[in-house]
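For this one, chain A is given, so just place chain B on it according to the hints.
Chains A and B, in that order, give the protein sequences.
Residue 99 is where the first sequence starts when you use the working numbering, and the numbers rise one by one after that.
Residue 27 is where the second sequence starts when you use the working numbering, and the numbers rise one by one after that.
It is worth saying that the hints were derived from the structure and are not from the lab.
You may find that some hints are simply not true.
Stated by the list, open to error - Within a straight-line C-alpha distance of at most 25 Å, the following computed DSS-like cross-link-like pairs (lysine-lysine) qualify:
#: 1; chain 1: B; residue 1: K526; chain 2: B; residue 2: K504
#: 2; chain 1: B; residue 1: K568; chain 2: B; residue 2: K546
#: 3; chain 1: B; residue 1: K357; chain 2: B; residue 2: K274
#: 4; chain 1: B; residue 1: K526; chain 2: B; residue 2: K274
#: 5; chain 1: B; residue 1: K193; chain 2: A; residue 2: K183
#: 6; chain 1: B; residue 1: K504; chain 2: B; residue 2: K571
#: 7; chain 1: B; residue 1: K123; chain 2: B; residue 2: K568
#: 8; chain 1: B; residue 1: K571; chain 2: B; residue 2: K546
#: 9; chain 1: B; residue 1: K282; chain 2: B; residue 2: K357
#: 10; chain 1: A; residue 1: K183; chain 2: B; residue 2: K191
#: 11; chain 1: B; residue 1: K568; chain 2: A; residue 2: K183
#: 12; chain 1: A; residue 1: K183; chain 2: B; residue 2: K272
Unchecked claim - Only some residues are given here: those of chain A computed to face chain B with a beta carbon under 10 Å:
#: 13; residue: V120
#: 14; residue: R127
#: 15; residue: A159
#: 16; residue: D160
#: 17; residue: E162
#: 18; residue: R170
#: 19; residue: A193
#: 20; residue: I195
C-beta atoms are modelled at their ideal positions from N, C-alpha and C, and glycine is treated no differently.
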Amino acid sequence: MPDQAPHSASQRPYLFRGQSAVDDWQLIREGQPAAGVPAIVPSTNGSEGERGQGRAPWLAADTELDDALAARLVAAPLVAIDFPKFTDGRGYSLARIAARASRLSGRDSRHRRCAGRPALLHASLWLRRLLAARGPVAGGTPCAT
Amino acid sequence: MYRYDSHDQTLVNERVAQFRDQMERYLAGRLSEEEFLPLRVQNGLYIQRYAPMLRIAIPYGMLAAYQLRKLGDLARDYDRGYGHFTTRTNLQLNWPKFETVPDMLAELASVQMHAIQTSGNDIRNTTTDQFAGVAEDEEVDPRPWCELIRQWSTFHPEFAYLPRKFKIAVTGAAEDRAAIQVHDVGLRLWRDAQGEVRVRVLAGGGLGRTPMIGEVVRDDLPWQHLLTYLEALVRVYNQFGRRDNKFKARIKILVKALGVEEFRRRVEEEWAHLKDGPQTLTRESVERVAAHFVDPERRPVTDEAIAAIEALRGENRAFGRFMTNNVHGHKVPGYASVTLSLKRSGHSPGDVTAEQMHQIADLADEYSFGELRVTHEQNLVLSDVPMDRLEALWHELEALGLANPTVGTLADLICCPGGDYCALANAKSIPVAQAIQERFEDLDFLYDLGPLELNISGCMNACGHHHVGHIGILGVDKKGEEWYQISLGGAQGNAASLGKILGPSFSREAVPGVIDTLLKVYVSERSDDETFLDTYRRIGLKPFKERVYA
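For reference, chain A alone in the conformation it holds in the complex:
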């Protein structure tokens, strides 16, 4: 597990391919002003915000993907998925569907999960043994799980 050293909300350490890395993407919730980059913004904000340099969309757990949204995801530098609760696993299925719909599979992908903030999209969730052998899903996350 990574150290539990204090860190700012926007600079959480995590493991990526076994290496310590820093996530400096800022999360922008609905109604919040989109300050600075890089930032993860609500997908419902419309495409303008997303298209800017250093902007990426996050999807709510109950998102039902349509072609238009999928097309926007293809262009995004990353796709985040919101986990409203630690125990709400809808995001994992949405991740699989979003990855497929936006043809993200095969691109670099990262996966994290934290209560109250989005997880970065993992495009190869089904590689269960590979993942678990590295430390089961929750392993390597910056939150206390």
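For chain B alone, kept in the frame of chain A given last:
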């Protein structure tokens, strides 16, 4: 029996290390109660009424003698010297010390066991026919398919936080002994005209608060697609199952709300993306797993020896009773399966002492190729006993108090731990079970009643499967007092049905008398060789009701 490969062992060992760390952080106050809860339940650790409870997985009910010996060690060294076999064919230890659970899990890992996903809103232990691989009426051996499902579902990262728990049961025999119609998913394996395995997929069955019989989602799924189809089905549930109300979160509510046609449409639509994908099973992958379930090298048993046993059956009444009730047919002539009854007057149904676990393990080594099965009726089975050793085994079981010749009778009742242990229970169930067993001890009377399933649950979560008991008893809370609601006409098996409530509930003291009245109605109303269930289905609830509430 399946033996772990290095992947399995690594996964289980790493889970032990991970949980040890989580426990340390919890005990040090670095993980909150709320954060620790989903982590501990995914490792089978509950907080019960008086103490923690550890539920250990016994995948599809198969247990090796050396594993049972280890379970006995754990019960002796970490608990109060006994364990409880559950209706999901797992073993519960009711008095472990919280902080020693990581050590217990490490011990389990040393014999290829764990407590992973025995709780939590994930895919639980898959259950199957206790006579899998040896049943006379078997079309397809379900064990390799259960193992494939185990591998697929264990640590499935997408399905660790489903709306609610998810239980799969599998059978491949003419008679369904796995209760597939009352599971979240039930699978019936069968063979098509070419001899290829196909799968009938049922979904949306279940007991609990809202009991339902599962509906057929797909009748003829080719075996190659078993895992991709399950994946699509569980994904639809994960996305659309209700999360706002835990009492409405099981898949049965989703299937009911959408209707099976719409549910099927969504599953098939999702499956279209997965079909023929990387999780498609190949003949090679199935054969690799099936190789773990080859028949043991059984020595032939002579016709003379079989005849001698049949003769003894006629001569020795007690042995005859044991043969009739506890010994079951086998696909190989000269062999039999033997049920070890864990139902004894004065003992909680499904309970076994540490010492008995060690003794039973020795018997498995001695008489049945070192393997055992746990049944969802909370008994144990030695599945491969040569008939010329039945008499010797019977004597040994008699000495251990495990030869009670009442399997399948009223005395073989199913019972959850109830209010004596469980924090969820509304009422105690074990004292009711014991009072019934004491009242109806007479073997001739039990045999005269014939096949009779009586199931007791201490609350509507229905761990004691009361909905599918011919007679079901449910503990209810009425203004802080324990009362018992009785239902009739439930059944498991091919013609599964849900019991109907008889009427207002009864005090605990009144229950044995009510059962007695119900049995008297049956005895006076039955014709020829009708079973209790036959008679109930013919005459309905009314005559029973009139007599009980007269």
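Outcome of the hint check:
1. At most 25 Å may separate the alpha-carbon atoms for a hinted pair to count; K526/B and K504/B meet this at roughly 20 Å.
2. The hinted pair formed by K568/B and K546/B meets the criterion: a straight-line CA distance of about 14 Å does not exceed 25 Å.
3. Of the pairs offered as hints, the one joining K357/B and K274/B is violated, with about 42 Å between alpha carbons and a cut-off of 25 Å exceeded.
4. Taking the CA atoms of K526/B and K274/B, the gap is near 21 Å; set against the 25 Å cutoff, the hint holds.
5. For a cut-off of 25 Å, the pair hint linking K193/B to K183/A stands: about 23 Å separates their Cα positions.
6. Between K504/B and K571/B the alpha-carbon distance is near 21 Å, which keeps this suggested pair within the 25 Å criterion.
7. A C-alpha spacing of about 50 Å is found between K123/B and K568/B, which places the hinted pair above 25 Å, so the restraint is violated.
8. For the hint linking K571/B to K546/B, the alpha-carbon distance of about 12 Å falls within 25 Å, and the restraint holds.
9. Distance restraint check for K282/B and K357/B: the Cα-Cα separation of roughly 39 Å exceeds the 25 Å cut-off, and the hinted pair is therefore not satisfied.
10. A C-alpha spacing of about 17 Å is found between K183/A and K191/B, which places the hinted pair at or below 25 Å, so the restraint holds.
11. Straight-line distance between C-alpha atoms of K568/B and K183/A comes to about 49 Å, which puts the hinted pair past the 25 Å bound.
12. Proposed proximity of K183/A and K272/B is supported: the alpha carbons are some 15 Å apart, at most 25 Å.
13. Interface hint at V120/A: violated, since its Cβ lies 22 Å from the closest Cβ of chain B, which is beyond the 10 Å cut-off.
14. Proximity of R127/A to chain B is violated relative to the hint, the smallest CB-CB distance being about 21 Å (cut-off 10 Å).
15. Evaluation of the A159/A hint against chain B yields a held restraint, the C-beta minimum of about 9 Å falling below 10 Å.
16. With a cut of 10 Å, the hint placing D160/A at the interface with chain B holds, because the nearest CB-to-CB distance is about 8 Å.
17. Checking E162/A against chain B by beta carbon gives a least distance of about 8 Å; that is within 10 Å, so the hint holds.
18. The interface hint given for R170/A is broken, as the beta carbon of that residue sits about 20 Å from the closest beta carbon of chain B, more than 10 Å.
19. The interface hint given for A193/A holds, since its Cβ lies 8 Å from the closest Cβ of chain B, which is under the 10 Å cut-off.
20. For the restraint placing I195/A at the interface with chain B, the shortest Cβ-Cβ distance is roughly 8 Å, inside the 10 Å limit, so the hint holds.
The structure fails hints 3, 7, 9, 11, 13, 14 and 18 (numbered hints given earlier, in ascending order).
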